[in-house]
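Colleague: Chains as they are written, first to last, in my numbering: chain A, 1 to 385; chain B, 386 to 635.
Since the hints were made in silico from the structure, they are not lab data.
Here are the simulated BS3-like cross-link-like pairs (lysine-lysine), alpha carbons at most 27 angstroms apart as the crow flies:
1. A/K231 - A/K118
2. B/K417 - A/K44
3. B/K578 - A/K118
4. A/K187 - A/K231
5. B/K387 - B/K580
6. B/K435 - B/K587
7. B/K387 - B/K541
8. A/K44 - B/K580
9. B/K616 - A/K267
10. B/K578 - A/K22
11. A/K267 - B/K405
12. B/K612 - A/K267
13. B/K401 - A/K282
14. B/K435 - B/K578
15. A/K187 - A/K137
16. B/K451 - B/K582
17. A/K44 - B/K578
18. B/K435 - A/K44
19. A/K22 - B/K417
20. B/K435 - A/K22
21. B/K580 - A/K22
22. B/K582 - A/K44
23. B/K401 - A/K22
24. A/K44 - B/K437
25. B/K626 - B/K616
26. B/K437 - B/K387
27. B/K401 - A/K267
28. B/K417 - A/K282
Output of the computed footprint for chain B on chain A, the stretches with three or more beta carbons under 8 angstroms from beta carbons of chain B:
29. 14-26
30. 47-53
These numbers come from a predicted model, not from an experiment. Think of the CB as a built atom: it goes at the ideal place given N, C-alpha and C, for glycine as much as any other residue.
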Amino acid sequence: MDFELNEDQIAFSDMARAFAQKEMEPHAAKWDQEQIFPVDVLQKAGELGFCGLYSPEDVGGLGLGRLDSSIIFEQLAMGCTSTTAFITIHNMATWMIADFSNEETRQHWCPDLTAGQKLASYCLTEPNAGSDAASLKTTARKEGDSYVLNGSKIFISGAGATDVLVVMARTGEDGPKGISAFAIDAKAAGISYGRKEEKMGWNSQPTRLITFEDAKIPASCLMGNEGDGFKIAMMGLDGGRINIATCSIGTAQAALNHAIQYMGERKQFGRTLENFQALQFKIATMNTELVAARQMVRLAASKLDHKHADRSTYCAMAKRFATDVGFNVCDEALQIFGGYGYIKEYPLERYVRDSRVHRILEGTNEIMNVIIARRLLLKDAADIL
Amino acid sequence: MKILVAVKRVIDYNVKVRVKADKTNVDLANVKMAMNPFCEIAVEEAVRLKEKGVASEIIVISIGAKQCQEQIRTALALGADRGIHIETEGTPDSLSVAKLLAKVVAEEQPGLVILGKQAIDSDNNQTGQMLAALLDRPQATFASEVVVAADKVSVKREIDGGLQTIEVDLPAIITADLRLNEPRYASLPNIMKAKRKPLDVKTPEELGVVLSNNITLVSVEPPADRKAGIKVSSVAELVDKLKNEAKVLS
Chain A
1 MDFELNEDQI AFSDMARAFA QKEMEPHAAK WDQEQIFPVD VLQKAGELGF
51 CGLYSPEDVG GLGLGRLDSS IIFEQLAMGC TSTTAFITIH NMATWMIADF
101 SNEETRQHWC PDLTAGQKLA SYCLTEPNAG SDAASLKTTA RKEGDSYVLN
151 GSKIFISGAG ATDVLVVMAR TGEDGPKGIS AFAIDAKAAG ISYGRKEEKM
201 GWNSQPTRLI TFEDAKIPAS CLMGNEGDGF KIAMMGLDGG RINIATCSIG
251 TAQAALNHAI QYMGERKQFG RTLENFQALQ FKIATMNTEL VAARQMVRLA
301 ASKLDHKHAD RSTYCAMAKR FATDVGFNVC DEALQIFGGY GYIKEYPLER
351 YVRDSRVHRI LEGTNEIMNV IIARRLLLKD AADIL
Chain B
386 MKILVAVKRV IDYNVKVRVK ADKTNVDLAN VKMAMNPFCE IAVEEAVRLK
436 EKGVASEIIV ISIGAKQCQE QIRTALALGA DRGIHIETEG TPDSLSVAKL
486 LAKVVAEEQP GLVILGKQAI DSDNNQTGQM LAALLDRPQA TFASEVVVAA
536 DKVSVKREID GGLQTIEVDL PAIITADLRL NEPRYASLPN IMKAKRKPLD
586 VKTPEELGVV LSNNITLVSV EPPADRKAGI KVSSVAELVD KLKNEAKVLS
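Working from the sequences, and respecting the hints, build out all of it.
Modeller: Take a look at the structure:
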C-alpha cells in the first residue's frame with residue numbers, strides 16, 4: 001500500500017492548481033456576489049480535460065479513476081468551491097450518459113460534454129421527494145416511439161444554462177423499481193424553468209425548478225432499461241458524494257491556509273496570533289481532521305475504482321465525515337479571522353456559505369448515516385474494515 | 386529546424402523561501418519544486434514556433450538530479466517532442482551547464498537554442514551568454530518578441546532604456562524575458578501523452594565534460610524584515626519626508 005501521489009497525479013494536480021489560482025480564485029468573489037455562471041471558464045476547463053475526467057475515452061473523456069479525479073477536483077475547489085462543484089456535477093452527469101445511454105445518445109451528447117462545449121444537469125430531487133428520492137412523482141409515459149414527461153424537479157444545479165438533463169422519472173410501479181433514467185435535450189418543448197433561486201452560497205451556478213408539461217422525448221433518451229433509473233441515479237451519486245466531499249476538502253484547505261497566514265500577520269496584545277497556544281491548538285486540530293477527512297475521501301474513491309462490494313458505504317462515510325469536517329474547518333478559520341472573517345473583503349465567509357450545502361445535497365448527512373447503519377445491521381454480513 | 390530548450394528545476398515561485406538555520410543554503414526539504422518560470426516561457430515560445438511551422442522538432446533538456454525529469458515531462462506535456470536528462474549530483478554552476486549544453490548542441494545541431502534569461506533560484510543570468518560564447522554563435526538575450534525569417538531571427542530585447550530590436554544569423558541562442566509570451570496550461574490528455582514521449586538519460590562523462598567547481602556558496606541570508614511604517618499627520622509632513630528623508634523628491 002502506498003499513500004504517495006504518483007508522477008501523473010502530481011502533474012495533474014500541479015496543472016489543476018495553476019488553473020484554479022489563475023482562472024478561478026481571482027474571480028470567485030465577484031462570481032459569488034454578482035451570481036455569475038462562468039461558462040467561459042467552464043469551456044476553458046473543458047479544453048484542458050476537466051469536464052470528462054472519468055468518462056470513457058471513446059467519447060472524449062480521459063478514462064481516469066475516481067481517485068485521480070478527486071485529487072484534481074480538490075485543487076480546483078481551492079480556487080472556487082461553487083464553480084468546481086458544478087464541474088463535478090457535470091462530470092457525474094456526463095459519465096452517467098456515457099455509461100448507461102445507447103450509442104446514438106452517447107455520441108450525440110458526450111463528445112461536446114467532455115469538451116465542456118455543452119453542459120449537463122442531474123435531476124433527481126422533487127419538491128416532495130428529497131431524502132425519500134424513491135417516492136418521486138414525475139412520470140414518463142410511453143407513447144409509441146416517445147416518452148411523455150410530466151412533473152417537476154427542484155434545486156437543479158445549472159438548470160436553465162445547461163444543454164442536457166439527466167432525469168429520473170417514473171415509468172412503472174411505486175418505489176425504486178418503477179423509476180427510469182433519461183438523457184433529455186434541455187430545450188425540448190414542454191420543459192420550462194422557474195426563477196433563479198436566491199441561495200446562501202453556491203452562487204456561481206444557477207439553481208432552478210424544472211417543470212415538465214407533456215414534454216415529449218424520443219424513446220432513445222432512455223438510459224439502460226425501464227426500471228433501472230434508481231440504480232443508475234444511485235451509482236451516479238456514489239461518485240457524486242466523493243466529488244462533493246472533495247470540494248469540502250479543497251475549500252477547507254484554502255480556508256486553513258488563509259488562517260495560518262493571517263495568524264502570522266495579525267497582532268493583538270503585542271504579539272502575532274501564532275504565538276497564542278489556544279490558536280495553535282485550533283489549527284493543529286483543524287489540520288489533523290482535514291488530513292483524516294482527505295484520506296477517507298481517497299479511500300472511498302479507491303473503493304469505487306476497485307468496485308468494492310461496500311463502495312456505497314465507504315462513499316457515504318466519506319461524504320458524511322469530509323463535509324462535516326470541511327465545514328467546521330471553514331468555520332474555525334473564519335473565527336480566527338474575527339470580524340474580518342465575517343466581511344466579504346476576505347473569502348472566509350464565502351467558504352462557510354459555499355461548504356454549508358455540502359452537508360445537505362447528494363444525500364443529506366443524516367441519510368448518509370442511514371446508509372451506513374443499514375449496512376452495519378445487515379445480518380451475517382462481513383465486517384466493514 | 387530543430388529547437389533545443391533548456392529547462393531548470395527550481396523552487397516553486399509561489400513558495401515562501403526559508404533559509405536554513407546554518408545559512409548554507411535555502412531549505413529545500415519538503416518544498417514544492419517546479420520549472421523555472423523563464424524556462425516555461427522558453428518552452429512556450431518553441432511550441433509556438435512549431436505551431437507556426439518554423440520548427441520541426443523541439444528537444445527539451447534539463448541538468449541535475451533524477452527529479453528534473455518531472456520538469457522535462459512538464460515541457461513534453463506543453464508540446465516538446467523529446468527530452469534529454471543529464472544526470473548530475475548537486476547543481477552544476479553556469480559554466481558547467483553551458484559546457485554540457487554545448488556538447489548536446491554539437492550532437493543535435495539545433496537551429497535555435499532557447500533558454501530562460503535566468504533561473505529564479507540562483508539569478509545568475511549567465512548560461513545563455515556562456516553557451517553562445519562556447520559555440521561562437523550569435524546571442525539575443527532578454528527576448529520579448531522573436532520572429533524567424535529564413536536564415537535570420539529578429540529579436541526584440543528588453544533593455545534598461547526600453548526595447549531594442551536586433552537581427553542575428555541562425556543558428557543562434559535566445560534567452561526569454563518575462564513578456565515574451567504567456568505560457569499555456571498543459572492539458573490533462575497531453576500530460577498523459579507526455580509519458581510516452583522519449584526521454585534519454587546521459588551523464589557528463591558520456592558527453593566528455595568534467596564539471597568545474599569554480600564557485601563556492603559561502604553563505605545565504607534572508608533579506609532584512611520589512612520594518613513597520615509610520616503615519617504622517619499631513620501632506621506637508623509627507624512631502625517633507627519624501628524630500629529630506631527618503632530623498633525621492635527634490
